[in-house]
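Residues per chain, in single letters:
Number of protein chains: 2
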Amino acid sequence: MKPTISEQYLQNRYAVFNGGSTGEWAIQSIETITGQGLSKPAFLSKGNGHTDYKDAVWSLAGIASNERYVITEEKQQLLQKQEGLGRKEAVCAALIPISKSDEWWLMPQDRRRKIFEEQSQHTQTGLQYLPAIARKLYHCRDIGGEFDFLTWFEFAPEHKDRFDELVYLLRKTEEWKYVTHEVDIRLMLAGK
Amino acid sequence: MKPTISEQYLQNRYAVFNGGSTGEWAIQSIETITGQGLSKPAFLSKGNGHTDYKDAVWSLAGIASNERYVITEEKQQLLQKQEGLGRKEAVCAALIPISKSDEWWLMPQDRRRKIFEEQSQHTQTGLQYLPAIARKLYHCRDIGGEFDFLTWFEFAPEHKDRFDELVYLLRKTEEWKYVTHEVDIRLMLAGK
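Each protein sequence line maps, in turn, to chains A and B. Residue numbering for the first sequence follows the working numbering, starting at 1 and increasing by one per position. Residue numbering for the second sequence follows the working numbering, starting at 1 and increasing by one per position.
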């Protein structure tokens, strides 16, 4: 008897991003920022734990999970400003898979938090781009994936420059010194 | 193409506890503390991501992961006092699977840390029982398991009373008000 996996987990928390010849998002570019790259299929589809991988050139899976660094006050600010995924005008998207070094993962919680926020202002910087840039984080380190995290972003075409600015600012931070693998996938809703 | 799972993860980070008719640990008792119980097979075997489940009545899988609450000073204290698993005299063991409520998981990091340590002294209490009680934590919430955590303990027979005391103290804490499911499995090295 194998370990059971909960249905709620497979349907609501497990996300899979399949690159292949079909999908609701057209892949516009795939840029390797650090480490190994990914091949560029024409489309990307988003699924859950029941998704079929038949058509995929690559599949990246991640888990929606609890917060690891955000504190009460920051969470309130995020809830006040953020908007959900799937807005009609948000026809542009980005999927940014990253991994961090062993040095990062071996640090105790307070040291990681200090680098993440007090030194790098990760949450405070993201807040400046709300509600324009909607964002959802998926964790993959604890499911043994090729990356540690997948972050999915959605925004309207007129906010593309702001998104580029956000990514530029984050990549200059102390936190990003621990990023060992990063790929930047840009997408547009198919047919737009 | 399915998402790839790293070999290092399957071999070194993924742990599976199989209850069945064979195994290196004899199951002495299984006590349901909160929620649904588990059946009582004769033996328990520990394996990794390549373990075969054929003989198992139940299988519980978990992941060794990074620390979520322990801060620098606490980590130093733990490293100074703790001893590893597999000590010759530590022929007694316990496996305690628990789950926490949605209320717990929805709290931001600072609120969970405050309950875990400032109110419940989880780490400081555990430190009082080192090096007698060796301990290893496995996470299962992010792999969709039946429980959120599995904690594995090893100790010598003369420290059984101290182990009972540790478990008693933890169950009285504020943190344990968020525990919704808990089973207490006691074991002895087979043939001892």
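Do not rely on the hints blindly, as some may be mistaken.
Since copy identity is lost for identical chains, a pair holds within one copy or between any two.
[Said to hold, decoys possible] In silico lysine-lysine, DSS-like type, Cα no more than 30 angstroms apart, as pairs:
#1 K81 to K54
#2 K88 to K75
#3 K40 to K81
#4 K160 to K54
#5 K75 to K2
#6 K160 to K192
#7 K114 to K88
#8 K192 to K88
#9 K75 to K40
#10 K2 to K40
#11 K136 to K46
#12 K114 to K81
#13 K2 to K172
Please keep in mind that the hints were generated in silico from the structure rather than gathered at the bench.
Mind listing which of the numbered hints don't hold for this structure, in increasing order? 1, 3, 4, 5, 7, 9, 13
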